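Starting from the known structure of chain Z, fit chain R with the ligands onto it as the hints suggest.
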Amino acid sequence: MDAPVAELAFPKCVRLESKPHLFCPGCGHPEVLKAFGYAVDALEIQRKVAFGVDIGCSLLAYDFFNIDTIETHHGRTVPVMCGVKRGNPDAVAVAYVGDGGAYAIGMGSLLNAAIRDEKIFVIVVHNGVYAMTGGQEAPTTLPGTVTATTPYGADNHFVKGPDMIRHVNPTAWVARGITTRQLGLRDLMREGLQHVMDGKGFAFLEVLSPCTLNWGTIERPDKTFEILEGKLAKTFKLGHF
Amino acid sequence: MPEKQFMMGNEVLARAARAAGATAMYGYPITPGSEILLWWAKEAGSEQGKKDDMVFVQAEDEIGASFMLLGSVMAGRRSFTVTAGPGNVLMQDAFSMCEAMRIPVVAYINQRGGPSTSTVIYSQSEVWLTAYGGNGNGYRIVYSTATLQELYDYGIKVFNIAWKYRFPTFLLSDGYQAKMMGEVELYDPHARGIEMVPTERYLLEEKRDRPIDEVVPKPEVHIRVQDGVEYSCYRNCLNLEEETLQVNLEIKGAWDIMAPEIEEHETYGDPDAKVLVIAHGIVSQSAKAAIDATGGKARLFRPITLNPFPKKALLEAVRGAETVILAESAINQLARIVRDALYETPGPRMIEHFRPSIGIYPEEIAELIKNA
Ligand SMILES: Cc1ncc(C[n+]2csc(CCOP(=O)(O)OP(=O)(O)O)c2C)c(N)n1
Ligand SMILES: [Mg+2]
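Listed in order, the protein sequences are those of chains Z and R. Sequential numbering from 242 applies to the first sequence in our numbering. Sequential numbering from 25 applies to the second sequence in our numbering.
Excised from the complex, chain Z in its bound form (with noise of 0.2 Å):
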């Protein structure tokens, strides 16, 4: 095999001119990013997405792939993509979001598509902080944590987004993921894709991702791996809703 080495470590409809990415080491977000390519690459549909990021680390990915990319404001890009397939009914429509722009600043806008089962899919990548701006409090934040925002530690409540798109939707593809089972969330990232391209309704996936620079785990793989599957994939559930 003579192909370069960058041809076998990416999908294809990676953007390899803008590589290497602009993620910290131990990123999660490459990982969602390199399953989401591999699921657009087995579908063949590089040319029918249209994927919106978000302002958040998602923005990096703003041209991650060879597909049409637009990023959008905090919180904004769930509506901005409800209106690229309202606008466009043969378009992929794909929205990738942050917990914090999913579930703070852009809740109203992601409950509402789900209960109008919008034909879109929605990524939600679950890191627990506001990594982006430093690491403040999201909704996600388990209690006690300590954050930016939460020096005495993060109160009791927290979402969890799948169980609460399943409550307004029953009907929408729903699911969980996570960073450290790659090929399970490839096959969970075809599900979805392939939902919204059978013209089903809604489809959300969450994906468990470390953010290790906030976690403080970025030269520890084995602590960031231990939150990962020891505490989160243990209070927030895997598999399909």
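Please note that the accuracy of each hint is not assured.
Unchecked claim - Incomplete in silico selection of chain Z near chain R, CB under 7 Å:
1. Leu-300
2. Asn-307
3. Asp-309
4. Glu-312
5. Arg-317
6. Cys-323
7. Gly-324
8. Arg-327
9. Asn-329
10. Ala-332
11. Met-348
12. Gly-349
Claimed, not checked - Each pair of labels, with its calculated beta carbon distance range:
13. Ile-247/R <-> Glu-285/Z: 15 to 25 Å
14. Arg-461/Z <-> Pro-110/R: 42 to 52 Å
15. Met-31/R <-> Gly-349/Z: 26 to 36 Å
16. Asn-161/R <-> Lys-478/Z: 40 to 50 Å
17. Asp-251/R <-> Pro-261/Z: 17 to 27 Å
18. Val-253/R <-> Gly-394/Z: 44 to 54 Å
19. Ser-140/R <-> Gly-375/Z: 26 to 36 Å
20. Asn-395/R <-> Gly-349/Z: 31 to 41 Å
21. Asn-397/Z <-> Asp-251/R: 46 to 56 Å
Because the hints were derived from the structure by calculation, they are not lab data. Computed from a predicted structure; not experimentally measured. From the three backbone atoms N, C-alpha and C, an ideal C-beta is built for every residue, glycine too.
Okay, now just chain R with the ligands, sitting in the frame of chain Z:
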């Protein structure tokens, strides 16, 4: 044949968008604009509406409505929204992105009382918000209408201006125009020789008339070709001050070329009259009545485009005037724009008639003309 019909302003606007070939509306109910949503909801679900692939979405709020509108326009569909007051405030989030990325959204703004929730009735206090809202530099096109007929004429025109020049474009009306009923001549724009400017997809376009980075500022769009297919990636989050400077200069460059082509105004009355009334929108109608009632003592200058402002025409109009009466249903919104345009011009005495969020009667203006 053009038909004359008796109808409410909001229905005129709803029909204007339809006549312009818009096929999508995204909105959130608010007085005095809701009737447009109702009309589109009904039309979109009708047999003809389905045939024409019409879209109507009642959004979760004005933020959702305006960002859906933005997405729909990026998908290449002629689309619009309608809002007022607090809804106009919320839409500034999306409008500033449209301003940054040259996305030709269209919104009908039916001004209501302000500030805050205020009255659901009427004002002219959304001039600044509409023209200069957001965190940019006010590169939005604003037409201020004065009559029901203009709601129809400009209700069509704004779509063409938006798509020709690729700036967010607003029809600024008010609760009186929106809710009043009267006779209007409806027509098919094609029958009048008005050709609708074709739309284009920002995302997933097969073939473009000109490269997209000649429209969207260059630092905001990164185009790559793979296997003969062109992929466009857009961003509005920039890394460098220099990139932001370039974005702003490119937007300004396009605006400066456009502005003289689209600036519009109206004058009324004896051009030698020494008293000049400056008013826009429906207040200009009161001014006309006052001018008629005072027997040629005064004349009118009415900006139709509030942005870009017809500065040259204004300078011409103030020449020979000894007194200017500036009447608006707001405090110092139009007046500040006028003063800015008159800067460096030895201006005549200015009488301010500011009546925020309340109608202005011809008698009030006539009184001012008599005493001028
Ligand atoms: C309207 C608005 N408010 C605040 C911000 C600042 N801001 C940028 S990213 C961000 C949080 C991102 O967190 P999340 O959505 O969880 O994404 P992550 O960076 O963790 O992937 C905030 C608050 C903004 N860009 N726009
Ligand atoms: Mg986050």
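Could you tell me which of the numbered hints above are not met by this structure, giving the numbers in increasing order? 11 and 20
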